[in-house]
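Visitor: Each chain, letter by letter, is given below.
2 protein chains.
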Amino acid sequence: MEFGRRTLLTGLGGLVLAGGMTSVAGNSLAAGQTQPGGRFEQVGGDHGWKPHKLDPKECAEVAYLGYWHKDYGCGYGAFYAIIGLMAEKYGAPYNQFPFAMLEANKGGISDWGTICGALYGGVSTFSLFWGRKEVRPMANDLFRWYETAKLPVFDPGEKALGFKGSLPQSESDSVLCHISVSKWCYVNKIEAESKQRSERCGRLTADVAAKTAEILNAKIDAGKDYKGVFPVQKSVSYCGECHQTKGNEANWAKGTMDCTPCHSGAKGTMNKFKDHP
Amino acid sequence: MEFGRRTLLTGLGGLVLAGGMTSVAGNSLAAGQTQPGGRFEQVGGDHGWKPHKLDPKECAEVAYLGYWHKDYGCGYGAFYAIIGLMAEKYGAPYNQFPFAMLEANKGGISDWGTICGALYGGVSTFSLFWGRKEVRPMANDLFRWYETAKLPVFDPGEKALGFKGSLPQSESDSVLCHISVSKWCYVNKIEAESKQRSERCGRLTADVAAKTAEILNAKIDAGKDYKGVFPVQKSVSYCGECHQTKGNEANWAKGTMDCTPCHSGAKGTMNKFKDHP
Numbered sequence: 001m002e003f004g005r006r007t008l009l010t011g012l013g014g015l016v017l018a019g020g021m022t023s024v025a026g027n028s029l030a031a032g033q034t035q036p037g038g039r040f041e042q043v044g045g046d047h048g049w050k051p052h053k054l055d056p057k058e059c060a061e062v063a064y065l066g067y068w069h070k071d072y073g074c075g076y077g078a079f080y081a082i083i084g085l086m087a088e089k090y091g092a093p094y095n096q097f098p099f100a101m102l103e104a105n106k107g108g109i110s111d112w113g114t115i116c117g118a119l120y121g122g123v124s125t126f127s128l129f130w131g132r133k134e135v136r137p138m139a140n141d142l143f144r145w146y147e148t149a150k151l152p153v154f155d156p157g158e159k160a161l162g163f164k165g166s167l168p169q170s171e172s173d174s175v176l177c178h179i180s181v182s183k184w185c186y187v188n189k190i191e192a193e194s195k196q197r198s199e200r201c202g203r204l205t206a207d208v209a210a211k212t213a214e215i216l217n218a219k220i221d222a223g224k225d226y227k228g229v230f231p232v233q234k235s236v237s238y239c240g241e242c243h244q245t246k247g248n249e250a251n252w253a254k255g256t257m258d259c260t261p262c263h264s265g266a267k268g269t270m271n272k273f274k275d276h277p
Numbered sequence: 001m002e003f004g005r006r007t008l009l010t011g012l013g014g015l016v017l018a019g020g021m022t023s024v025a026g027n028s029l030a031a032g033q034t035q036p037g038g039r040f041e042q043v044g045g046d047h048g049w050k051p052h053k054l055d056p057k058e059c060a061e062v063a064y065l066g067y068w069h070k071d072y073g074c075g076y077g078a079f080y081a082i083i084g085l086m087a088e089k090y091g092a093p094y095n096q097f098p099f100a101m102l103e104a105n106k107g108g109i110s111d112w113g114t115i116c117g118a119l120y121g122g123v124s125t126f127s128l129f130w131g132r133k134e135v136r137p138m139a140n141d142l143f144r145w146y147e148t149a150k151l152p153v154f155d156p157g158e159k160a161l162g163f164k165g166s167l168p169q170s171e172s173d174s175v176l177c178h179i180s181v182s183k184w185c186y187v188n189k190i191e192a193e194s195k196q197r198s199e200r201c202g203r204l205t206a207d208v209a210a211k212t213a214e215i216l217n218a219k220i221d222a223g224k225d226y227k228g229v230f231p232v233q234k235s236v237s238y239c240g241e242c243h244q245t246k247g248n249e250a251n252w253a254k255g256t257m258d259c260t261p262c263h264s265g266a267k268g269t270m271n272k273f274k275d276h277p
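Those protein sequences? They're chains S and R, same order as listed. Take the first sequence: its position 122, counted from the start at 1, is 122 in the UniProt record's numbering, and no numbers get skipped. Take the second sequence: its position 93, counted from the start at 1, is 93 in the UniProt record's numbering, and no numbers get skipped.
Don't read these hints as lab results, they were simulated from the structure. Hints are not guaranteed to be accurate.
For identical chains, the list gives no copy identity; a pair is met inside one copy or between any two copies.
The list that follows gives simulated cross-link-like pairs (lysine-lysine, BS3-like), each with its CA atoms no further than 25 Å apart [claimed, not checked]:
{"no.": "1", "residue 1": "K274", "residue 2": "K246"}
{"no.": "2", "residue 1": "K133", "residue 2": "K70"}
{"no.": "3", "residue 1": "K189", "residue 2": "K89"}
{"no.": "4", "residue 1": "K70", "residue 2": "K57"}
{"no.": "5", "residue 1": "K133", "residue 2": "K195"}
{"no.": "6", "residue 1": "K57", "residue 2": "K227"}
{"no.": "7", "residue 1": "K274", "residue 2": "K224"}
{"no.": "8", "residue 1": "K274", "residue 2": "K183"}
{"no.": "9", "residue 1": "K70", "residue 2": "K224"}
{"no.": "10", "residue 1": "K234", "residue 2": "K57"}
{"no.": "11", "residue 1": "K183", "residue 2": "K267"}
{"no.": "12", "residue 1": "K133", "residue 2": "K227"}
Can you make the complete structure from the sequences, with help from the hints?
Guide: Written out as structure tokens, the structure is:
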């Protein structure tokens, strides 16, 4: 049993016996109880789970298996590799999480191609342990690494579940599934609906889980001093001088994604609805 | 206490008494137990929570309050409005969820401007109840509505927590926070870092929660027959004829987002790094 930082009983669920109901001290909610602490109260306190260091290599392997488990995909694989491994090693509260909800992340959230589902699976684990001010540099490190890293790196060898053999690597320049996947497919002439592409995303899920664990471990070591290591993108600094500066009449841009994929007049963003082959 | 569809004990947490540990039948995991069912096992079974109908108007009001609660933002507001309300009305397993993790969604996931955090908050609730085949038409309805609706609609009147008074509405054409927010700010000449913009996102969170509840209610009524009502976007059908068709050499595109904001040669996607004022 794990003791969180803020409460004795962290995230334990309802206490029920066949013949009746028993309660213990703390703010654990019994089954049948609703929200006795009031609206917006949370069992164990907000961000109240205790973080544990994990082996990035083990996380990568579990994430890859999670990706293929019932085809739940990237978000499930990356999230289970962190919180599921804590559940396997430490029990509650980690083993109380309804993991399959992360299936929503597949294909950039229900196949819409928005954020890479593995990235959401990784970054959302941080928010179980820390509030946004502490999470932001961790998220920035994970996301900026993803934009610039040549992925996938992980190779399951003979244990590959979708496609055996090496796969090409490419930089996505973007945390969006649509750009990350489509660019990899376009550059390498591999169909988006192919086993190679599925395998690529499975391996990338392993890479994201390993990076998430590295950042988690570094944060546990550094505590509030964790500052992050990846610098802000040049494009975001440049564009942000006007578009993200308070008091500027052009201060209308929200986001930290690299601006270049969509705002540099690249071939892909020209008019594809006119004179397009 | 709620009984799920697949197990007698759904999502109940650990069973612990001051003097020892007690277990009951079912696959509930006691504190201290890890994952006795094996890797990837889940308390209550995958997608094992029981869905309940909610009043969309009540959800909107709670979502708006959740958005402002400790500044947790859009994802927290939308998610709590669904699962938190079920917790308030029905107790476990809903009240076991570590709600504050949804703070990760703020600003399109840790201020990166990817998916609208409210949309993720809404769609991820569906995956607590159903697998992806049933979730997909629900997600499509929520996301396509968001692309085309003039938002925000919700108006808290005198109870406004960020900015009182009416706000302009606009269509986002996109489920991405960056486009949704930036377009609203650009069109209406309102700074991204302003109280009006925060208020806009708070009201939009209310709108997304209400729509999520409408879809949830319709799904509960229709069961497996739920087909969805929003047609696929013309751009996705048109581009998908080549870019999302198996066997086509140009089958490299992943996603269901409207293609036009980034692939129609719009002014915003021209080269902003050269001869830009």
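Visitor: State for each hint whether it applies.
Guide: Okay, the hints, checked on the actual structure:
1. K274 / K246: between (38 Å within a copy, 24 Å between copies)
2. K133 / K70: between (35 Å within a copy, 12 Å between copies)
3. K189 / K89: neither (42 Å within a copy, 52 Å between copies)
4. K70 / K57: within (22 Å within a copy, 36 Å between copies)
5. K133 / K195: Intra 40 Å, inter 20 Å, cutoff 25 Å: inter-copy only.
6. K57 / K227: Classified as within; 24 Å inside a copy, 42 Å across copies.
7. K274 / K224: neither (53 Å within a copy, 40 Å between copies)
8. K274 / K183: Cα proximity of K274 and K183: in one copy and across copies (22 Å, 24 Å).
9. K70 / K224: This pair counts as between: shortest inter-copy Cα distance 20 Å, intra-copy 38 Å.
10. K234 / K57: Cα proximity of K234 and K57: none, with 31 Å in one copy and 44 Å across.
11. K183 / K267: both (12 Å within a copy, 22 Å between copies)
12. K133 / K227: Within. Shortest intra-copy distance 11 Å satisfies the 25 Å Cα cut-off; inter-copy 41 Å does not.
Of the numbered hints listed earlier, those contradicted by the structure are 3, 7, 10.
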